[in-house]
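A.B. asks: Each chain, letter by letter, is given below.
2 protein chains.
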Amino acid sequence: MKIAIVGLGLIGGSLAKAIKKNTEHSCFALDIDRAAIAGAVAQEAIDGEITVDELHSCDVVMVCLHPAQTINFIIENKSKFKKGSIVIDSCGVKAAIVNAVEKPLADEGVHFLGCHPMAGREFSGFAYSVDNLFEKASFIMTPSDELPVRIVREVSQLAYEIGFARVVTSTVEEHDRIIAFTSQLAHVVSSAYVKSPSLLKQSGFSAGSFKDMTRVAKLNENMWTELFMMNRQPLIDEIDCIIAHLTEYRDAISAEDADGLRELLKTGRELKELSNNS
Amino acid sequence: MKIAIVGLGLIGGSLAKAIKKNTEHSCFALDIDRAAIAGAVAQEAIDGEITVDELHSCDVVMVCLHPAQTINFIIENKSKFKKGSIVIDSCGVKAAIVNAVEKPLADEGVHFLGCHPMAGREFSGFAYSVDNLFEKASFIMTPSDELPVRIVREVSQLAYEIGFARVVTSTVEEHDRIIAFTSQLAHVVSSAYVKSPSLLKQSGFSAGSFKDMTRVAKLNENMWTELFMMNRQPLIDEIDCIIAHLTEYRDAISAEDADGLRELLKTGRELKELSNNS
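These protein sequence lines are chains P and G, in that order.
Residue numbering for the first sequence is 833 to 1110, as defined by the numbering used here.
Residue numbering for the second sequence is 833 to 1110, as defined by the numbering used here.
There may be inaccurate statements among the hints.
One copy or two, it doesn't matter: identical chains are merged, so the pair holds either way.
[Unchecked claim] Distance condition first, Cα-Cα at most 27 angstroms in a straight line; then the derived DSSO-like pairs of lysine-lysine: (1) Lys-1027 <-> Lys-1050; (2) Lys-1050 <-> Lys-1098; (3) Lys-915 <-> Lys-1027; (4) Lys-1098 <-> Lys-1043; (5) Lys-968 <-> Lys-1027; (6) Lys-914 <-> Lys-852; (7) Lys-1033 <-> Lys-1098.
In case anyone wonders, no lab produced these hints; they're calculated from the structure.
Please model the entire structure based on the sequences and the hints provided.
C.D. replies: Here it is as structure tokens:
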């Protein structure tokens, strides 16, 4: 199979390296950043560069750009893909992407499957890409109702070949709702956490809990602004939810209600243990 | 030097193991849990058991109990310590402990120094204690104005011998204010985080950020209720602070204010980077 990767950042670069390491497929890449292409060729992470006009020779095109760029690239080049080929994306939101590109591609005889490789690092760019980024990660697919099942099977098999720990299928709505909780809210909370006036006094007074809580505050604000804006209501619901719960703890402490506070903490511990076992 | 450890839980047990591994001091322990004492003797984590009536033979007594128990134990046995000896505690709050025990011990001719070994695990008890728990940890001391400097020097030297990465000195008020942010707030946020209705759907949809954010929700609710109740105002201030900041993100998303949201995220990233370098 001939695969093209559009965008050799952290995700695209790591996919290329994993494809070359773990599969027999050929892998070409397209990026406006000459250094990324040169680095990928030098590290043998790709078989070579590919141009937009050569995309018609590829069986699978993986678009690994930020959300708005992903939509723009696919729409602008919708006629350049091979008829019957598969185009996937790698964005952290799905409804906004799928709604924008699926129909235009279908009209061109191209199959689009929204995908979300659930992995990342607090660094961006090809320089940080690694061939084992997806070893413990889920690969989420959000196939639409009309997509032939064989396309889902092919992409699923490819994800396992690349080295993902598991492949999960979901509707776009379910994906966006759960991701608002598991990923987007974590980034909002981390970002809000570091804004206390106590922050710059913490040196020597912090341990693992502080480090874990604030790790993802080091984020790419351009990409995350796009992601949040494309998933507004589910994220607003999750922020409202955690604010309401934080207020319960606050009020129990303020009212010196030790029993109420203990119960809030106990419920949280039990939910955490339950989710670990699910 | 002859050291006694009162309470062979995670912290007391890890201190005992580190003392035996890294120092030449003798180390005895006292615990109502027979299994903890038996285990510590079998693992050679202590030189033997000690009774309350033998505490007068010890140069340093480390009380490693929960906060309320720490106060009760010290007050009940204030006459049992050797005159001129040092008693330290290991609680995560300092003003409530120091205010309760320092004067009664001073009246007995015993030096009390409030201490906080900044390490933990999401498990409790001697069974989880390890001899390297403190390798990368800070050891915080909150000496009172009247304490002779040589006591601070002795405990500081002992902490370095035990293997702490660094020793930090602070007032009790500063300690409690910063710990409300770096440790207590992290536990409240983690506990509140897991209360979303989305929690039990997250399997397959979560990566590192979710795992880090919710790790310490698995807490001992009895100990943390005591800690929070003994540090109410600083913790309330921090919870109010993060709620106010979360509301800013929420309102920017709700108002479709992408520029404002990007600025909020950018400020968070810059603060995180600044705090990493401090």
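A.B. asks: Now tell me if each hint is right for this structure.
C.D. replies: Going through the hints against the structure:
1. Taking CA atoms no more than 27 angstroms apart as the test, Lys-1027 paired with Lys-1050 passes in both settings, with 13 angstroms inside one copy and 25 angstroms between copies.
2. In the homo-oligomer, the alpha carbons of Lys-1050 and Lys-1098 lie at most 27 angstroms apart only across protomers (9 angstroms), although the nearest pairing inside one protomer, at 31 angstroms, exceeds that limit.
3. When the C-alpha separation of Lys-915 and Lys-1027 is checked against a cutoff of 27 angstroms, the pair qualifies neither within a copy, at 51 angstroms, nor between copies, at 47 angstroms.
4. Taking the shortest Cα distances, Lys-1098 and Lys-1043 sit within 27 angstroms of each other both inside one copy (23 angstroms) and across copies (19 angstroms).
5. Proximity of Lys-968 to Lys-1027 under the C-alpha cut-off of 27 angstroms is restricted to the inter-copy arrangement: shortest distance 25 angstroms between copies versus 32 angstroms within a copy.
6. Taking identical chains as interchangeable, the C-alpha atoms of Lys-914 and Lys-852 lie at most 27 angstroms apart only when both belong to the same chain, with a minimum of 22 angstroms there against 69 angstroms between chains.
7. Proximity of Lys-1033 and Lys-1098 under a CA criterion of 27 angstroms is satisfied inter-copy only: 21 angstroms between copies versus 30 angstroms inside one chain copy.
This entry does not satisfy hint 3, going by the numbered hints stated previously; all others are met.
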